[in-house]
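Student: The lines below spell out each chain.
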Amino acid sequence: MSTLRTTDVWPTDITLNPAKDILTIAFDDGQTFELAAEYLRVCSPSAEVQGHSPDQRKTVGGKKSVQIMTIEPVGNYAVRLGFDDMHNTGIFSWQYLHEMGMERDERWATYLAELEEKGLSRE
Amino acid sequence: MTKDDVLNALKRVKGPDLDGNIVELGLVSEVVIANRKVYFSITVPPERAEQLEPLRKAAEQVVSDLDGVDHVGVVLTADAPTGQAAKPAAPAATPKPKAPAGGPGGGGQSAGVPGVKHIIAVASGKGGVGKSTTSVNLALALQANGLKVGVLDADIYGPSMPRLLGISGRPQQAHGNVLSPMEGYGLKCMSMGFLVDEGTPVVWRGPMVISALTQMLREVAWGELDVLVVDMPPGTGDAQLTMAQQVPLAGAIIVSTPQDLALIDARKGLNMFRQVDVPVLGIIENMSYFLCPSCGERSNIFGHGGAKNEADKLGIPFLGEIPLHMDIRETSDAGQPVVASAPNSEHTSIYRAIAEKAWSSIGSSGAKAAPSINIQ
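Read top to bottom, the protein sequences are chains A and B.
Residue numbering for the first sequence follows the working numbering, starting at 1 and increasing by one per position.
Residue numbering for the second sequence follows the working numbering, starting at 1 and increasing by one per position.
Which bits of chain B does chain A cover? Going by a derived footprint, with three or more residues having C-beta under 8 Å, they are:
| id | stretch |
| --- | --- |
| 1 | 22-36 |
| 2 | 239-250 |
| 3 | 276-283 |
Counterexamples of contact, computed for chain B against chain A with all Cβ distances above 12 Å:
| id | residue |
| --- | --- |
| 4 | D19 |
| 5 | E53 |
| 6 | V203 |
| 7 | G235 |
Simulated from the structure, these hints should not be mistaken for laboratory data.
Glycine residues also receive a C-beta, built at the ideal position from the N, C-alpha and C atoms.
Produce the entire structure from the sequences given, and follow the hints as far as they go.
Tutor: Okay, structure coming up:
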């Protein structure tokens, strides 16, 4: 009864590598995404990053070597990631993780462009 | 460099009152070492956090002097004393233990409630649609269908389960912080109504509500239950979100009257559950039609079929319609819900049919298993 859900994507496995900088998420639609901790950190859905409207969104620089420290399940629908810069307020829903995987190249390019525009760096 | 090296170094840092050291005072959290980076936190009283910044610096310094350390991350965490935030009537409001900073993540916090197989929420978009009456009869019907059932009255502001189940008195402490649930008609029950007097309003801010809900859910010796029915407060607020985030709900049931206005609100409730990925098991139409107690004539006071149409439109199951009938109202108010007091009545068979539908859709609701989280 898939009609009961709006989320059609559902992860089966979420794996953090030993270096703690790549999160691998396998979805039940057969896709597997490897998302870098830096990418997850700078695109965190937290209001600290996204603000409360698009014009409040912050571009976060200097997260090249950020690592993921904790992964906590939230309800049925998300995980909360804790990063080693003590950012832990981002709740990543399955849907959001899937989008981040599907749109990685565009989103990453946008991020790099924003960094440049604002004179920030990844370092 | 090992954790012991770090802890040994930290023993050189004195405690907040300059006696002992922070390790022996038990203020240092789990130490995490990864790739020549060291992380830990130091617990301090919240009101002294600013003043104790030098302590944090000192701790950072002694660890960064160790061989093989490139980076040290130290944070001060404030630990409110147990019970500080509690109202006298409520069980001690222990702040939810923070996940250990940087401990090997995952698990714990939002896992299910031990012993409880399925948790379903009964919700409505607005008040006054008979949600609590429906919850209690639904719970009794699930029990009549052979399941072990508990009821959690999450309607903190307007608890009604004590009255509906005719239970009075206060829950006893089982062990430690854990309370034994009360029992009525074989249902295990926990409600804020047991902890405050009926006439006393609960005047609480959101965080208190969240803490109370978490306790009523987790610090109660529920025992083995097939299903825990949660009577949600009306609306789409803190309590609903807390439930959705703290426990993997097996599903939600929406109660609505056939009226258009109520249905608009029901849709909001529904969309809220969709947003947090809680499967909606279906809609129940309450006060569906009026059965005249004297002549038996059926009148569709609020219109008819609204909820069924809505359910069809939204693509969710329609679980059934419950008439507006004196017996249901009177028995509920008297603390003898109709399913318990008149097990062979027509109303009971309606509730039992709804319970059966709801139960079968738990199995097939596509409540997919949580992903496995592995930290290598």
